[in-house]
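Asker: All chains should be built: construct the whole structure from the sequences, respecting the hints.
Under the working numbering, the sequence shown is numbered contiguously, ending at residue 137.
Don't read these hints as lab results, they were simulated from the structure.
Here the structure is a predicted model, which means the values were calculated and not measured.
Honestly, I wouldn't trust all of these hints.
To be verified - Computed beta-carbon distance windows for the label pairs: (1) Val83 <-> Gly137: 17 to 25 Å; (2) Asp5 <-> Pro110: 31 to 39 Å; (3) Thr133 <-> Val71: 20 to 28 Å.
We treat Cβ as the ideally placed atom computed from N, Cα and C, and that holds for glycine.
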Amino acid sequence: MPLDASAPVRVARPSLDLRAAERFWVLGLGLDILYRHEADAALGHSALLMVGLPGASWHLELVHDPAAPVEPRPTPEDLLVVYLGEPVPDALVARLEEHGGERVPAHNPYWDTWGVTLRDPDGYLLVLSTRTWSNG
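Answerer: The structure is reproduced here in structure tokens:
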């Protein structure tokens, strides 16, 4: 099947603490747990947490290998941007902070003008944008 607009997208990242990541992405942002797999050292399997929205063509995969953990190395431009198309609710920002997020200034001031940037427990940046976006 050739690549088309309906192709599912997975963004995979290492995590040092899947419980902390789950609190941020699920309890904080409101994503659902789509799949979970605990580590199994005997089989050489890493722990895995997939979060997203049911029915969406994307999800975020967080992986932790207790036998050989990978240190997350996000840069200031590694952003996951969610376009809300409305003002960012203060209650949402507060909930993300209560669940392990840290509000930070954006490296690119564009995102401070058009949204709120938060650092997740692994150091990756989430931008909640007041703007809209369409690929069409």
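Asker: Next step is simple, just say for each hint if it's right about the structure.
Answerer: How the hints compare with the structure:
no.: 1; hint: Val83 <-> Gly137: 17 to 25 Å; in the structure: holds (18 Å)
no.: 2; hint: Asp5 <-> Pro110: 31 to 39 Å; in the structure: holds (35 Å)
no.: 3; hint: Thr133 <-> Val71: 20 to 28 Å; in the structure: violated (34 Å)
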